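Asker: Residue numbers (my numbering), protein chains in the order written: chain A, 1 to 116; chain W, 1 to 113.
Read the hints as simulated data drawn from the structure, not as lab findings.
On a predicted model such as this, the values are computed, not experimentally measured, just so you know.
One should not assume that every hint holds.
Where chain A lies over chain W, by a calculated footprint (3+ residues, C-beta under 8 Å) [stated by the list, open to error]:
hint, region
1, 39–49
2, 96–102
Per label pair, the in silico range of CB-to-CB distance [claimed, not checked]:
hint, chain 1, residue 1, chain 2, residue 2, range
3, W, Ser84, A, Glu64, 32 to 40 Å
4, W, Thr111, A, Thr52, 37 to 45 Å
5, A, Thr52, W, Thr113, 27 to 35 Å
6, A, Ser28, W, Met27, 29 to 37 Å
Below, a list of computed lysine-lysine pairs in the DSSO-like style, where the Cα atoms sit at most 27 Å apart [as the list claims (entries may be wrong)]:
hint, chain 1, residue 1, chain 2, residue 2
7, A, Lys49, W, Lys57
8, A, Lys58, A, Lys69
9, W, Lys71, A, Lys49
10, W, Lys9, W, Lys71
11, A, Lys22, A, Lys77
12, A, Lys58, A, Lys22
For each residue, glycine too, the CB sits at the ideal point set by N, CA and C.
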Amino acid sequence: AQSVAQPEDQVNVAEGNPLTVKCTYSVSGNPYLFWYVQYPNRGLQFLLKYITGDNLVKGSYGFEAEFNKSQTSFHLKKPSALVSDSALYFCAVRDGRGSTLGRLYFGRGTQLTVWP
Amino acid sequence: NAGVTQTPKFQVLKTGQSMTLQCAQDMNHNSMYWYRQDPGMGLRLIYYSASEGTTDKGEVPNGYNVSRLNKREFSLRLESAAPSQTSVYFCASSPGLVSYEQYFGPGTRLTVT
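Model the full assembly from the supplied sequences, consistent with the hints where possible.
Answerer: Here is the structure:
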């Protein structure tokens, strides 16, 4: 079965410091991996995705993520955090085959707080 | 472009009442989705429509029905609301099913008393 784990409910980091939001996944086939961000009282916004190719994926607002097949991880990173990055972050995975082809499975979310 | 729009934004229902949540997208996307978001649970897929004329169950379909009215519109119906359906509901769309990111609407906050 497909699943996503975000082991940290909260991540706190000082502005200007690097940030990492962790994600591990489980799928039966090749993974399609996504990161989304949600600001208060808003819908989710797409940040970046990994389908195939380079393991380091660059996305919106200076975020990047590294796909690690052996560790089944897809951690979100940013070299220098901003206060405006404070939000709820979701990792999601889709299996590229099988009867559940259309389903996207989300992690429970990680609340990122960047303090000045 | 408005993107994905949802109506209503807020709704309060009594147990047993019915209602339909409306969703429309103006991006000419083939696929559309309905999710619910509960605290600490992430988003869970209720139903999705790969293309006009098709619908499929997601993780938590019980108590819901959907209609893909045309390429633009995908509605979610609660026939007999229950307190367990208190949640925030999001509609999303994407060009296709697998490798494409999804675009989300602003959500409908539903309370069932």
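Asker: May I ask you to test the hint 27 to 35 Å on the CB atoms belonging to threonine 52 of chain A and threonine 113 of chain W?
Answerer: Because 48 Å falls outside the window, the suggested range is violated.
Asker: Do the alpha carbons of lysine 58 of chain A and lysine 69 of chain A lie within 27 Å of each other, as the hint requires?
Answerer: Holds, because 17 Å separates the two Cα atoms, which is no more than 27 Å.
Asker: Falls inside 29 to 37 Å, the C-beta gap from serine 28 of chain A to methionine 27 of chain W?
Answerer: holds (31 Å)
Asker: Need the status of pair lysine 49 of chain A, lysine 57 of chain W: alpha-carbon distance at most 27 Å?
Answerer: holds (24 Å)
Asker: State whether the coverage of the region 96–102 of chain W by chain A holds or is violated, taking the criterion as 3 or more residues with Cβ-Cβ distances under 8 Å.
Answerer: With 5 residues closer than 8 Å to chain A, the region 96–102 of chain W meets the three-residue bar; holds.
Asker: Taken at face value, is the distance from the CA of lysine 77 of chain A to the CA of lysine 22 of chain A at most 27 Å?
Answerer: holds (9 Å)
Asker: Compare the distance between the alpha carbons of lysine 58 of chain A and lysine 22 of chain A with 27 Å, and conclude whether the hinted pair is satisfied.
Answerer: holds (16 Å)
Asker: Can you confirm whether the C-alpha distance between lysine 9 of chain W and lysine 71 of chain W stays at or below 27 Å?
Answerer: Holds. Lysine 9 of chain W to lysine 71 of chain W sits at ~22 Å (cutoff 27 Å).
Asker: Holds or violated: the 37 to 45 Å window for the beta-carbon distance between threonine 111 of chain W and threonine 52 of chain A?
Answerer: holds (43 Å)
Asker: Quick one: are serine 84 of chain W and glutamate 64 of chain A within 32 to 40 Å, going by C-beta?
Answerer: Distance hint for serine 84 of chain W, glutamate 64 of chain A holds at roughly 39 Å.
Asker: Hinted pair, alpha-carbon criterion (27 Å max): lysine 71 of chain W, lysine 49 of chain A. Please report holds or violated.
Answerer: OK: lysine 71 of chain W and lysine 49 of chain A at ~25 Å, within 27 Å.
Asker: Is the coverage entry for the region 39–49 of chain W by chain A consistent with the three-residue Cβ rule at 8 Å?
Answerer: holds (count 7)
Against the hints set out earlier in the document, a violation occurs for number 5 only.
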